[in-house]
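J.: Following the hints, complete the assembly by docking chain R onto the known chain D.
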Amino acid sequence: MMLQATTPMILLAIAVGVLLAVIACKRSYALSTLTAGSGLFVALLGILYAARAPVTASGLFVCDHAALGFVALILLSALLILIVAAAYWREDTPVPREEFPLLVLIATLGATALAAAGSFITLFLGLETMTLAMIGLIAYPRFRPDAEEAALKYLILSAMSSAFVLFGIGLIDVASGSLQFSQLLAWVPPDMASRTALLAGLAMLAIGAGFKLSVVPFHIWVPDIYGGAPAPSGAYVAVVAKIAVLAVLIRLINEVGGTIPTEFKTLLTLAAILSMLAGNLLALLQENIKRVLGYSSIAHLGYLLVAILAAGSIGKMAVMFYLVTYSLTMIAAFGTIAALSGSASTRDTDTIASLRGLFWTQPALAAVLTLSLLSLAGIPPAIGFIAKMYIFAAGIHTALWGLTAVMVTSSVIGLFYYLNIILVMSMRPGEIPSGRLGGRLAITALSMPILIFGIAPQPLVALLRSVFG
Amino acid sequence: MMLIWLIIVPLLGGIAAWPAAQLHARAPALISLVSLTLELALAIPLLHPSAGSWLVTFDASWIPAFGMDIRLGLDGMSWLLTILTIVLGAFAAIVSWREIDDKTGFFHANLMFSLAGTIGVFIALDMFLFFYFWELMLVPMYFIIAIWGHENRRRAAIKFFLFTQGSGLLILVSILALAFWHARQTGSLTFDYFELMRSPPGGELGFLIMLGLFIAFIVKLAAFPVHVWLPETHTEAPTAGSVILASILLKTGAYGLLRFVVPLIPDAAHAIAPVALWLGVLSILYGAVLAYGQSDLKRLIAYTSISHMGFILIGVFVFNTIAWQGVVMLLVAHGISTGALFIIVGAVQHRLHTRNLDRMGGLWTDLPRLSAFGTFFILAAMGLPGLGNFVGEFLILRGAWGVAPVVTSFAAIGLIPAALYSLLAVQRAFHGAADTKRDVPDFGLRENAMMLALAAAIIGLGVVPQPLLDIAAPSLRALVPPVTAMLRHPEPG
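Chains D and R are the protein sequences, given in the same order. Oh and the first sequence: position 246 is 246 in this note's numbering, straight run, nothing missing. Plus 469 on top of the position in the second sequence (first one is 1) and you've got this note's numbering.
Hints in this document: simulated from the structure, not taken from any laboratory. There's no promise every hint is true.
[Unchecked claim] Short, incomplete list of chain R residues facing chain D, as computed with Cβ under 10 Å: (1) I532; (2) A615; (3) L631; (4) Q634; (5) A947; (6) L948.
[What the hints assert, rightly or not] Which chain R residues face chain D? A few, computed with CB under 10 Å, are given here: (7) F527; (8) A534; (9) L605; (10) V608; (11) L921; (12) A922; (13) A924.
[What the hints assert, rightly or not] Between beta-carbon pairs, the in silico distance windows are: (14) Q491/R with K265/D: 56 to 64 Å; (15) V42/D with L509/R: 34 to 42 Å; (16) A918/R with A399/D: 56 to 64 Å; (17) W401/D with A881/R: 39 to 47 Å; (18) A918/R with P429/D: 53 to 61 Å; (19) A881/R with P429/D: 38 to 46 Å; (20) I473/R with G17/D: 37 to 45 Å.
Built from N, CA and C at the ideal position, the CB exists for glycine as well.
Just chain D, with the same shape it has in the complex:
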């Protein structure tokens, strides 16, 4: 029955209510984080229950195993980001800290709804819930001018992309008369006019998705927002928002049999090539790690598009493996910055120069950041190596030689800036950035999967196969 399949979302909604009550009764950051964390954890457990429900193809939500898999990934990422944030917001922060976990919960609720959406109504609801809460996450340290600027930019651009999405939904509804994905997929346009309206609607939706995924040419907002947002929020924008949007996209592509219409194939190929090259080239010029990570995420979405274009059995698994890798790695990278930064200061410790000598002052954090950067660059023993192999395999298997060649080239370009950061960390120490023991321990623990699955990826491959295969 429907309710059983949507257990995680229901549990999350309850958790939001509980957290509100908790904050109203007692302001305590630790309690607030603990409540939000338990909410996410219970929702994660709820997935096991939901997975046993019979799959309902119609309705507002599609809770098949693939959708629940994405929901699990979202919940897990949100949980990790919550842990990162717990170490980040310190007592001396000049704003109350308790609402940050609340915003994380609300955004995650939106993200799960989006990932499991079965109709345009839930899609839009999920998208907006997530986006609005994320604006709060970005602007949370409102005493920081950079954060306010980033949030304002994100607000305006999100509103614009939401407008595109709404317009697209409207066109599709007018043409096909349905808001359900399943009915739309089965629908064949009867005449030229409705076919044009459908294509135009899909194109508008693609623009909205492109904005959230920050693929070229919808990427302009990325550096400012990643750079201005506090590190945990940056991780959230980089990871959870993208998983949720990709979840819808991938599910839709899978439902039409893994084939992408040729009209979109050319565009996607172009977007993939441009994202890979632009992301890596522009990252070369940056002096701020969060901005580097932003551009790097553009490039990584380009790699993901290659896997999506490759389709086939290997391509499908490549997408999932890459997505998991990307999430773990980005959270670890942002987490290191969070652990180094003081939330009370007007900006994070995020210039590359400020990491000078980190290897000798904070060896554990430096090792984690190095591991994440190696993972992003695709070098063993980090998990990113296996992920990159997966995409190469998908590309070669389906003879996408051109895209594979671009990927090789841009990977080499990418090495420059990843290595540069590692080099700076290995120099003689400058001023020593602060970092607390709890944060260091948490980050080190979070990064272990990057190493473990990089050496022995089989358990993860098997898990993803059983869920998405």
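T.: Same frame as chain D, but now just chain R:
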């Protein structure tokens, strides 16, 4: 089971060495040495007379979803290169005893990790596992150069990494294409070396796969024109780094050509042979001529490496056992002689704080033992008869003569500038008058012992080369069957 320990022991050594620096600054070096001694004790007994070419193999599941296994195997050639790696790795640890006094723990951890990766490269028989190790040896090496190197270390480290990593991606694409091609023929996806050997791809695809591997391996071998990373990297690395780079890492390129390119894609390997031979000649001449013009002693040795690797390239691509035997001999002998030379240059720099030949001169008066060993190893590298390098180069030229006489003649011409730069270097460094009065210690017991051991090895190889050739012979014979089928030239002799 023994083989997996060959990789685990140095890894554990590295992990133990890292925090040991907090106990005592010299503790990591001691741990490195102990684990390498243990490694040597494990590796030596693996050599035994056996029926087939494989002395010992190991097989365990790794990523079954892709048919990737932890498949290891040791034959005569791998055994020789593994022993070379362990011994020179140990010497690199010993020279770092004095030279590295900053962050010794991290240094020795990196040293051991890169050795573990290299040994993995030499014994992996699963193409993907091979690539994994291939990549794994880079990062620690990068740190060694970038943190403990000389003045321009960062530039050199980035250059090294970009070249090797970029070419590494070519390997990845090639082996994936090879495996998928094989899967299309047989229906099973595998990266097993022996399986893949059974269905060599031909045509355009085969050529492209071969080209990817070929380019990647000659980048590592530092043949002309993809050698550009080598002079800077070798010059800027700390002594231990230079020793590992020149004596061991360069060899992985040659090993890749011989182990993978020749048997896996024989048709395409034959097709590229003329190009490879001429690249070999160009490397020999280019390396020799540039070595002649250097006044930085370390740089000079780096360029001679390019020259010697040219011989290796020729030896691999004339496709006969005589030349291949020469290749294995030269790999080992060059590893020993160049390793020794880098240790000597490191010692000179440690004492005089310069690598500039113009500021040396007259070293023989002040440092007689160092100069004597220096002269000996320069002459050995030059190819003085009676020493190991001579046997290697002679066998290569002998094997190449029947196949490609013109190439062989040009390669032999390379011996003339080699003699010039060698003698000139000896003269400028060790003879003449010293420009300043120096009050520095000569080689002590530790350095003398190392030098004597290396010198004895190189004399032994030169005087009694047969045992080494016998060890390598089964591996090389195993290469012959797929190749002779399409051999276009009769084997000489």
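J.: Run through the hints listed earlier and report the numbers of any the structure violates, in increasing order.
T.: 5, 6, 7, 11, 12, 13, 15, 18, 19 and 20
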